[in-house]
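With the hints as your guide, set chains B, C and D with the ligands onto chain A.
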Amino acid sequence: MSKYFRARIKENRKLNKDHNLLILTPLTPIKEPEPGQFYMIGMGREEYDPLLKRPFSPLSSSPESIQILYRIRGRGTLIMSNMGEGSVLDILGPLGNAYPMPARNHIPLVIAGGIGIASLFSLSKKLSKRAYIFYGARKRNELLLMDELKNFAKELFISTNDGSVGEKCDITDILKRFLNSQSYLSDKFLLYLCGPKPMLKAILEIIKDRKINAYVSMEENMACGIGACLGCAVKTVKGYKMVCKEGPVFPIEEIVW
Amino acid sequence: MSKYFRARIKENRKLNKDHNLLILTPLTPIKEPEPGQFYMIGMGREEYDPLLKRPFSPLSSSPESIQILYRIRGRGTLIMSNMGEGSVLDILGPLGNAYPMPARNHIPLVIAGGIGIASLFSLSKKLSKRAYIFYGARKRNELLLMDELKNFAKELFISTNDGSVGEKCDITDILKRFLNSQSYLSDKFLLYLCGPKPMLKAILEIIKDRKINAYVSMEENMACGIGACLGCAVKTVKGYKMVCKEGPVFPIEEIVW
Amino acid sequence: MSERVTLYASDILLMNLSVTIGKLKLKNPVMTASGTFGYGEEYSDFVDLNRLGAIVVKGLSLLPREGNPPPRIVETPAGMLNSIGLQNIGVENFIREKLPFLRKFDAPIIVNFFGDTIGEYEEVARKLNDVDSIHGLEMNISCPNKEASWKIFGTDPEVTFRVVQAVRKVTDLPLIAKLSPNVTDIAQMARVAEDAGADALSLINTLTGMAVDIKTRRPKLGKFTGGLSGPAIKPIALRMVWEVYKTVRIPVIGMGGIMNANDAIEFMLVGARAIAVGTANFINPLATIDILEGIETFMRENKITDIKELIGGLKCH
Amino acid sequence: MSERVTLYASDILLMNLSVTIGKLKLKNPVMTASGTFGYGEEYSDFVDLNRLGAIVVKGLSLLPREGNPPPRIVETPAGMLNSIGLQNIGVENFIREKLPFLRKFDAPIIVNFFGDTIGEYEEVARKLNDVDSIHGLEMNISCPNKEASWKIFGTDPEVTFRVVQAVRKVTDLPLIAKLSPNVTDIAQMARVAEDAGADALSLINTLTGMAVDIKTRRPKLGKFTGGLSGPAIKPIALRMVWEVYKTVRIPVIGMGGIMNANDAIEFMLVGARAIAVGTANFINPLATIDILEGIETFMRENKITDIKELIGGLKCH
Ligand SMILES: Cc1cc2nc3c(=O)[nH]c(=O)nc-3n(C[C@H](O)[C@H](O)[C@H](O)COP(=O)(O)OP(=O)(O)OC[C@H]3O[C@@H](n4cnc5c(N)ncnc54)[C@H](O)[C@@H]3O)c2cc1C
Ligand SMILES: Cc1cc2nc3c(=O)[nH]c(=O)nc-3n(C[C@H](O)[C@H](O)[C@H](O)COP(=O)(O)OP(=O)(O)OC[C@H]3O[C@@H](n4cnc5c(N)ncnc54)[C@H](O)[C@@H]3O)c2cc1C
Ligand SMILES: Cc1cc2nc3c(=O)[nH]c(=O)nc-3n(C[C@H](O)[C@H](O)[C@H](O)COP(=O)(O)O)c2cc1C
Ligand SMILES: Cc1cc2nc3c(=O)[nH]c(=O)nc-3n(C[C@H](O)[C@H](O)[C@H](O)COP(=O)(O)O)c2cc1C
Ligand code: FES
Ligand code: FES
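Each protein sequence line maps, in turn, to chains A, B, C and D.
The working numbering applies: residue 1 is where the first sequence begins, and numbers increase by one.
The working numbering applies: residue 258 is where the second sequence begins, and numbers increase by one.
The working numbering applies: residue 515 is where the third sequence begins, and numbers increase by one.
The working numbering applies: residue 832 is where the fourth sequence begins, and numbers increase by one.
Chain A on its own, in the form it takes in the complex (with noise of 0.2 Å):
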């Protein structure tokens, strides 16, 4: 069960102009990650231009599957939407720290902004009903596996910078309502989050004065994912920390922005 392994892409499915589901068949037995965790991801390829692997978060893996939702950000997702099937890629992991698991008297909120939901899926599915699952994005096709995260959910809350589904606002505007109406509860939520920075300052924001525990999913460009290179850093209270090996998950109280 090696840490590094190839997979046969055995669907590249675009899901719409920036997002494709990618499942691949591992081609030798995988040790199964848990939520939080990632793969470093590579072309397979003997060019050396893109160099680097790119780390993703799957939706689920299992020996037989591993199923990957990316967006096509820059040439590296470029080129993996234009892979097709039967390509093999090659693959390290799984990678990186977990999100801890909340305790039987916490209520888990789990606030996802655009892809961030790819890290936090499969989590949610983990806290099956368990968890108020917030979840925004710019326009309605950016909102994904919708039809799943309302069956994890608990409750699932949606929001559009544009108003094309859900409300037309920020999801931490939902959010702050939310802790705001349930205010009596703050010490039993636990909230992890995964999104662009600046939803994770507004959330900052939010809880610092409530005493509510979140944890954060990190991202940083990252070279080797295993801890070795330093190049990943994340500032924290206690110097850098290796977002690939301390990380990707910390407590958001660690993190200095």
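These aren't lab readings, by the way, just hints derived from the structure by calculation.
Beta carbons are placed, not taken as given, at the ideal position from N, Cα and C, and that holds for glycine.
Just so you know, not all the hints are guaranteed correct.
Listed below are the simulated BS3-like cross-link pairs for lysine-lysine, each with C-alpha atoms no more than 27 Å apart in a straight line [stated by the list, open to error]:
| hint | chain 1 | residue 1 | chain 2 | residue 2 |
| --- | --- | --- | --- | --- |
| 1 | B | 458 | C | 729 |
| 2 | A | 201 | C | 729 |
| 3 | A | 241 | D | 1146 |
| 4 | C | 737 | B | 495 |
| 5 | C | 737 | B | 260 |
| 6 | D | 929 | B | 458 |
Which chain C residues stay away from chain D? Per the calculated CB distances, all over 10 Å, these [said to hold, decoys possible]:
| hint | residue |
| --- | --- |
| 7 | 539 |
| 8 | 590 |
| 9 | 592 |
| 10 | 607 |
| 11 | 636 |
| 12 | 683 |
| 13 | 699 |
| 14 | 745 |
| 15 | 749 |
| 16 | 822 |
Chains B, C and D with the ligands in isolation, oriented as in the chain A frame:
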């Protein structure tokens, strides 16, 4: 009618382990090449590795269809061999000079070693039934386009180094025998050569005392393909000449080996 | 309709792409890199030469040069090595055979040149100085100095000073010194060239490299080593342009791996007043025009009306 | 059957991959490049560390270092820039926390280190000298010199001489000086380091570069510039190793863009006695082993029984 155009892969047919036939549909009107001319073909990609275009002589080329026979030799052609139908390549050409056509009283002999046939194929066709074609390769499956060549040739001579088809010898041995048996025609013969250096040198040995004229298509690494970079120099009795512009076809006596 | 046309025209008018290199005014900052664009005519099938900011031709010497034995080119990861060996037709043939063609276009002609000795530099510059319709000189100092056991001119500050000064004395054309990147301290070399009287600096020339064929055990280039160019060197080129920009007051022309408008804008942000397109011409013969249009699009999209807003616009705080 | 096994075993026996770096004997020439293999343990999930020619660990300083602000890494064409900023746990933590693990393996441990001052270099070397199971020291001189307004040690021949000599005096471990490629004359720096008493040289370290985000107009690296590594720099590295090999008598350890056995053999042909695998580890965590096996295959296929036949085997006539 631009000399820089894009073409879509209609078919990328595997002929055997090392050879593919590429059939392209130009996306804009093109200029038709003369036998001996070539195209610089790029992978039409954003990635920078491999970087340079590669030179190929078309078997045939019309506004509707370009046919390229290529041998998988290094990284570029390997990647090319993996490109699927529908991919778009970017192409420069036609480039370089052409094989001078024989005068009416000339007897053209076409001598191809291995993939050298790609360059001589369209000439053979144009010389319809006039040329004696000598075609050698290492083994059976490296002899390609045999049906067409039989059609185009006045007579077709074949050799393989392993004797799997044709005579078991170098094609130069057959040529030598041919020339010996018809030495009284020496001043009528006009040779067209394309193939590996050792073959070219052997032929030079054979013809040099017989005053036979020969044109040879030369090969050099290329960058620009249009005489701008001065990269594809070949040593001639008149100093360095550029294969891409002053060639690829040279009178054999001009080349300094 | 007529209003829309007017608007569009004023839109164009409002977007100023012109830059000045010494007393030379370029209508836009996109130049060609010497040695990658022949004598201009090679690319005239593909590119409307009138649209270029300037045409920089292949480096000339006093007499024609044969150049190096093949192979002269080898591909490397995201780059290429060349050992052309400064082959050229010589300054007089250039003036006689190539200039008349170039002269027909509305783009300034900048002549790149070099010599084996300081004297040869002077002589070539003198010859070029007197010719009509040459708009600027670019002196390539990344070449071997016969008087100093073939050490590269541009790797020694003192020699650089002397050769630039010597050329400065014999020409009043805008003089660009083209720096070699194979040095410890590019800012020092830049300062020296500025002090010696250069009107502008261009960089980077190629980085010396090699490649080996493990089957034959031979260098892949006939002359063993060659100059590395292309996207591979862009990070180094950018850094050097930035260092030089922070050091000198004369304009800097940036080059090294520029493949598209993005790359060109990176160079302008670190301080390049103009940029030159080299290896990219081989990959895409329309590269110069594509880059020019890409810069225009970027400016339009970002509401930049004067390209000078980009030059040195890097934010480091 | 038994005969076949015997033949195979003798086949292996007949193939000698061992090389010596000063008094240090390596069972094969494949080392790791400092900073790309952590402290060894990070890769022990993937690589049988026992098989490596040597393990070179991340550069250490006297006290722990925080390193640079992020982003610390950015991809470039066929390469990457890093500005880790020499983050490390400090020499004492290394000895206490990391060495016990490494000690368990049958691969020589080479400790890469650096300092802000010559005094710090000395002190680190002294501390390392007395520790059991450290087999060699590699001094990184591509770092800023506090006593000379942060100019890089390894870009000044005199400073290089002084710092190498100072370290030489306090250690009898095999001493490798790791050269900076950001210099005009790498052969000169090599000669100086040899004269100062280095037992071997390693090169190249990274080339200084940068990248710019044109949307934000900021450098892509938090510290603005960084070190370029990966396939992009291989041609430059090969050329430098060749120049150094022709200049010094001490062994040379080659690195810079080695991705596969082919690349490694190119370096050996131009004179590298051993090679180090850097950025390639990030692309393929098994790179070191793949390269080792690739070299073995090449030797077998070419009937090379002793790897020394490859070292400096370049044909230039
Ligand atoms: C732990 C983790 C899990 C992730 N999971 C997912 C996921 O499941 N789905 C998804 O769509 N995205 C995910 N991302 C983000 C994803 O890795 C980036 O979008 C991707 O690397 C961009 O690559 P690119 O080549 O398309 O972009 P590039 O053209 O390389 O660059 C675009 C941007 O992507 C960032 N980037 C580039 N290379 C890296 C790298 N090696 N590591 C991190 N960021 C990089 C850069 O900051 C850059 O601004 C995750 C990131 C991390 C750190
Ligand atoms: C005028 C001309 C016409 C040709 N026509 C054909 C043809 O019709 N069919 C065919 O199969 N081959 C043809 N070739 C040869 C073909 O160009 C090479 O096989 C091809 O470039 C190899 O590319 P690669 O990436 O696979 O090899 P690489 O991995 O790049 O290198 C393998 C070898 O190919 C040679 N090579 C690499 N790049 C170039 C380049 N830019 N120009 C020339 N040679 C290069 C090198 O010498 C090298 O040893 C022609 C060559 C020339 C000069
Ligand atoms: C084939 C070739 C020939 C070159 N010839 C010259 C030359 O004659 N004079 C000169 O100053 N620079 C010459 N250069 C250097 C380029 O002008 C340019 O500085 C360098 O290639 C970096 O830019 P690029 O990466 O965009 O190509 C040459 C470069 C190449 C690739
Ligand atoms: C992320 C990273 C960290 C590095 N850290 C060090 C270091 O601490 N000390 C050192 O001497 N070299 C360091 N290097 C340089 C490498 O050891 C090597 O010299 C260089 O990367 C060239 O080899 P490569 O192209 O194979 O990576 C580092 C390189 C990288 C990419
Ligand atoms: S990516 Fe290398 S330490 Fe995290
Ligand atoms: S390939 Fe540029 S001159 Fe021939």
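**Request:** Check each numbered hint from earlier against the structure, then list the numbers of those it violates in ascending order.
**Result:** The structure conflicts with hints 2, 3, 5, 6, 8, 9, 13, 14 and 15, although it agrees with all the remaining ones.
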